[in-house]
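*Asks:* Given next are the chains, with one letter for each unit.
There are 2 protein chains.
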Amino acid sequence: MLAVTILGNNSAVPAFDRHPTSQVVTHDGVNYLVDCGEGTQIQMINYKIRRGKISHIFISHLHGDHYFGLVGLLNSFGLLGHQQELHVYAPSPLQEIIEMQLRVADTRLCYQLHFHTISGEALLVDNEKIEIRCFPTQHRIECYGFTFREKRKPRKLILDSVKQNNVPLHFYDNLKDGEDFITSAGEVIRNEWVTTAAPKGKSYAFCADTRYFEPIIDHIRDTDMIYHETTYLDNLRERAFERFHSTSKQAALIAKKANVKRLLIGHFSSKYDTLEEFEKEARDVFPNTDLALEGVTYRI
Amino acid sequence: MLAVTILGNNSAVPAFDRHPTSQVVTHDGVNYLVDCGEGTQIQMINYKIRRGKISHIFISHLHGDHYFGLVGLLNSFGLLGHQQELHVYAPSPLQEIIEMQLRVADTRLCYQLHFHTISGEALLVDNEKIEIRCFPTQHRIECYGFTFREKRKPRKLILDSVKQNNVPLHFYDNLKDGEDFITSAGEVIRNEWVTTAAPKGKSYAFCADTRYFEPIIDHIRDTDMIYHETTYLDNLRERAFERFHSTSKQAALIAKKANVKRLLIGHFSSKYDTLEEFEKEARDVFPNTDLALEGVTYRI
Chain A
263 MLAVTILGNN SAVPAFDRHP TSQVVTHDGV NYLVDCGEGT QIQMINYKIR RGKISHIFIS
323 HLHGDHYFGL VGLLNSFGLL GHQQELHVYA PSPLQEIIEM QLRVADTRLC YQLHFHTISG
383 EALLVDNEKI EIRCFPTQHR IECYGFTFRE KRKPRKLILD SVKQNNVPLH FYDNLKDGED
443 FITSAGEVIR NEWVTTAAPK GKSYAFCADT RYFEPIIDHI RDTDMIYHET TYLDNLRERA
503 FERFHSTSKQ AALIAKKANV KRLLIGHFSS KYDTLEEFEK EARDVFPNTD LALEGVTYRI
Chain B
263 MLAVTILGNN SAVPAFDRHP TSQVVTHDGV NYLVDCGEGT QIQMINYKIR RGKISHIFIS
323 HLHGDHYFGL VGLLNSFGLL GHQQELHVYA PSPLQEIIEM QLRVADTRLC YQLHFHTISG
383 EALLVDNEKI EIRCFPTQHR IECYGFTFRE KRKPRKLILD SVKQNNVPLH FYDNLKDGED
443 FITSAGEVIR NEWVTTAAPK GKSYAFCADT RYFEPIIDHI RDTDMIYHET TYLDNLRERA
503 FERFHSTSKQ AALIAKKANV KRLLIGHFSS KYDTLEEFEK EARDVFPNTD LALEGVTYRI
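As they're listed, the protein sequences go chains A and B. The number in my numbering is simply the position in the first sequence, starting from 1, with 262 added. The number in my numbering is simply the position in the second sequence, starting from 1, with 262 added.
Hints may contain errors.
[Claimed, not checked] Okay, the calculated beta carbon distance ranges per label pair:
1. Arg312/A x Gly557/B: 46 to 56 Å
2. Glu393/B x Val292/A: 50 to 60 Å
3. Glu538/A x Leu385/B: 53 to 63 Å
4. Gln345/B x Glu358/A: 43 to 53 Å
5. Leu385/B x Leu371/A: 30 to 40 Å
6. Gly557/B x Asp535/A: 19 to 29 Å
Quick caveat, the hints were computed from the structure, so don't treat them as lab data. Bear in mind that the values here come from a model prediction, so they are computed numbers and not experimental data. The beta carbon of each residue, even a glycine, is placed where N, CA and C say it ideally should be.
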C-alpha cells in the first residue's frame, strides 16, 4: 500500500493552525519523509507517525519552511536511540548546516547518517519494492520534486494450471518473473497459461515549490496521485509568478496535462484563513482534486 | 510590571505536549525572549505573544532544544515585515549558523539584526528601565544564565511638602533623583522631607541548564523570582550530575541558599509524564516553588 500523510500544508509562516511543509510517504512498512519544516517532529507525535520507521528523508529545497525541523528531528532520533541508518537527500549546503549544528552542541549521533546531494534528474532509491527519483522544479532557489513508483509485483501463480502442466516446484519463482517453462519433451508451457499479471505498481509525485512549469509533466505523467503547491488563488497569478509559486488553477492544469488520476493541493499562503476557494478553483479544471489536510492519510 | 510567560518547559525531546525551552520576560511593554527551542514561533501564536514587541533575544547555549526555533522566528519576522532592530545575545558560533541558513535561502531580512557574543559575566543591556546580565552555569557546553533587574524608579514627590518648602518647578526632576534643595538663603530642604522612595525594582533570573552549581548564587542572590532547571527527580541525582543537569531538590537548595523569594522549576525530562513529584520534592526544601507551566504568566 502506497499512501501519503500530510504533516504540514502551509507556506512560509505558520498560521491558522497550519504548519510548514512536511509529509510522510508510507510504502510496505517504510516511512519516507518528504520535507521537514519546523515542528515536524511534534506533528509526528500528534499524528502518531512511527519515527523509528523512517529510513529516508528527502528535502526539496533550502527555504526554511521546508527543512528547519530537520536538525531537531535528527537530534531527537539520537536521543531516542534510533538504530537504523538514515539517508538524507537534499541540495548540497544542507550537510554543512546540519553538521555544524551537531558539532557546536558536541552531539554524536548513535546511528549512521548519510547525506546524498541531489542535482538535476536522478534516480535516488531503487530496490525491489520502490523507485524514487528527483526532478528539478522552477523556484527562486534550486528546488526538486520527487516521484515514488512502486515496483510491479511478481506475477501470481494459477496453482491448478501449474499442477496440471506439471511445472516443478523449483521453477515457480521463474514463473512469477514471467518466464515460460519448457518440459523435458521440449513442450513450451507459456507463462500466461499458468500465471496472472500482478496489478501495476502505484505512483505518487511531490512537486515541491514551483512556478507553473510544464517541464515537470514529463516526470509525473500518468501518476496515480500528485501533490502540487497552490500558494495563491488565481487572481494573484502575477504575485505567484514573481515569487516562483503557483495558483490552484495552475496546479490543476498541470494535473490535467500530465494525465494524473488525482491531485492534492497545499502550501497555502498565510494570507488565506479558509481554503474552500482553492478546492473550488482547482476542481473547475481538474475535478479529482482534494485539499491536502494535516493529519489526513491519502491512500493511493 | 516584570513577568515571565513560559512557552516551553521540557528538556531535549518534545513529549506529553511539553515543548523545548523558551520563555518571554515582559517589562514595561517590551518582550525579551529567553531561549528559542523548536516551535517557539508556534507557541507564541498559541499564547498570543506579540512578536512585534520582541527587541532582544537571549540564547543560553547551543544545545538544539534551546535554539533550533530561532532561525525560523528570525525568518518569519522578515516575512511579516518586522520593523525594529533585533538584538541576539548568544555564544559565538550561533551567528555563523544563522547567517549560513539565511544565505543559502537567499534571504534578506527587512530589519537590522545584531548579534552579540556573550562570554563570562557581563552586562548585556543597561538602559533607564532595566539591567540584564549574563553569568556562566556549569553545563556540558558553554552555557549562561541571565538576570533581569528592573531599575529603581524615580522618587515620588510629596506635592504639599514641595510647595510648602517653595521648591521651584525646575528642580522637581532633581528631587526625583534624590537631591536635596538649597534655598537662596542657604537653607537645606532635605530630599526625604519632600519625596518618598519608589518601590525597589523587581528582579528575575533564568538559570539555564546547569549542574548543581553554587557559584551562580552570587549572581541571583535576593532575586524576587528564579527559574531553575529540574531535569530529574532527586533519586536520579547521579544521572543529573553525569549529564550536567539538576534535580528538583538541588534547584530548591539553590533557591534557599540564594535567599530568593520564589522558585519556578522546569526543563523536565521526557521520561516523566506527570510533574507533581517535582513540585513536592522542591517544596520540601523551598516551599514557595511552582512548576513552570506552558502558557502561564508568572508576575513578579
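*Asks:* A separate judgement is required for each hint: does it hold in the structure or not?
*Replies:* Hint by hint, here is what the structure shows:
1. Arg312/A x Gly557/B: 46 to 56 Å: violated (29 Å)
2. Glu393/B x Val292/A: 50 to 60 Å: Hint holds: Cβ distance 55 Å, inside 50 to 60 Å.
3. Glu538/A x Leu385/B: 53 to 63 Å: holds (54 Å)
4. Gln345/B x Glu358/A: 43 to 53 Å: 32 Å Cβ-Cβ, so the 43 to 53 Å window is violated.
5. Leu385/B x Leu371/A: 30 to 40 Å: Holds, at about 38 Å.
6. Gly557/B x Asp535/A: 19 to 29 Å: Holds: the Cβ-Cβ distance is about 23 Å, inside 19 to 29 Å.
Going through the hint list in order, the structure does not satisfy hints 1 and 4.
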